[in-house]
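Generate coordinates for the entire structure from the input sequences, incorporating the hints supplied.
Number of protein chains: 2
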Amino acid sequence: MTRLYLEDFAVGQKYGSGKLRVDAAAIREFAAAFDPQPFHLDDDAARASFFQGLAASGWHTAALTMRLLVEGSLRPAGGIIGAWAEELKWPRAVRPGDELEVQAEVLAVRPSGSRPGHGFVKCRSTTLNQHGEPVQVLVMSLLVQARGAAG
Amino acid sequence: MTRLYLEDFAVGQKYGSGKLRVDAAAIREFAAAFDPQPFHLDDDAARASFFQGLAASGWHTAALTMRLLVEGSLRPAGGIIGAWAEELKWPRAVRPGDELEVQAEVLAVRPSGSRPGHGFVKCRSTTLNQHGEPVQVLVMSLLVQARGAAG
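Chains as they are written, first to last, in the working numbering: chain F, 19 to 169; chain H, 19 to 169.
The reader is advised that the hints may include incorrect statements.
If chains are identical, the list can't say which one is meant, so a pair holds when it fits in one copy or spans any two.
To be verified - With a straight-line cut-off of 30 Å between C-alpha atoms, the simulated DSS-like cross-links for lysine-lysine are:
hint, residue 1, residue 2
1, Lys32, Lys107
2, Lys140, Lys107
3, Lys140, Lys32
Calculated directly from the structure, the hints in this document are not laboratory data. Note that the structure is a prediction, hence the values are computed from the model and not measured.
This is the structure in structure tokens:
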């Protein structure tokens, strides 16, 4: 797998991922550890909530998106290192049985002013369910090495 | 614990959390599941990376922040439901042995135009390590019920 340097990125490039299926047990396990709210843990409580049924924590969706990205075709030389996000939203909930994949597009590429030999690649990563509906949109700037950087 | 409705929120209010300690095993466990990159998994590889030592995935920091928020003093009536974030950054890495807490401040409160009986509370949540250094800043708008809303 070719590793990508700052010079290899250009606006409009697209990167993809494999697929990951999420079941109710995984939704509950993540929620128990990190987001223990009834609508992420219990079917009956979830039916009576805003979500009207068991829904994955948005942070679970974000974590699954990262997994898909790390194993996808976007492979910066130094790894996927998120510097900051300027947009993160969850247009619809992830439900038990959903199968997710990620489509990433490069929005901007620029050298770093303060960190010689590095730059930032701004990407929009859209996470889709098996119906092609977006469940997360993330616009994040990644810290990427330039070719021949000292490291 | 009093549950808070939209009318209970006002700009400048502050909410706090307990503390959570993160060890190397938890960092590796999260990374193996969601962010399997060498600098989150292996000490030697981490020393040679951008992070210069084992570092938690930013998404692990985000998930731990959610856990602290859910168990903290910010308690909207319908639960903590993130609608979207307009800022998410990790000013420094979370390291093995770090102890985290969260300070949240209300930045804006407004009714929803499209969802009667609900509104949005925009909060800045700053996650601090045991030295008082920020490891995450998140500006997120929460969906919050108004008092007497149909649900």
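Within, between, both or neither: Lys32, Lys107 at alpha-carbon 30 Å:
both (20 Å within a copy, 24 Å between copies)
One pair to classify: Lys140 and Lys32, alpha carbons no more than 30 Å apart. Within, between, both, or neither?
within (12 Å within a copy, 32 Å between copies)
Is it within, between, both, or neither for Lys140 and Lys107, if the alpha carbons may be no more than 30 Å apart?
both (16 Å within a copy, 14 Å between copies)
The structure shown violates none of the earlier numbered hints.
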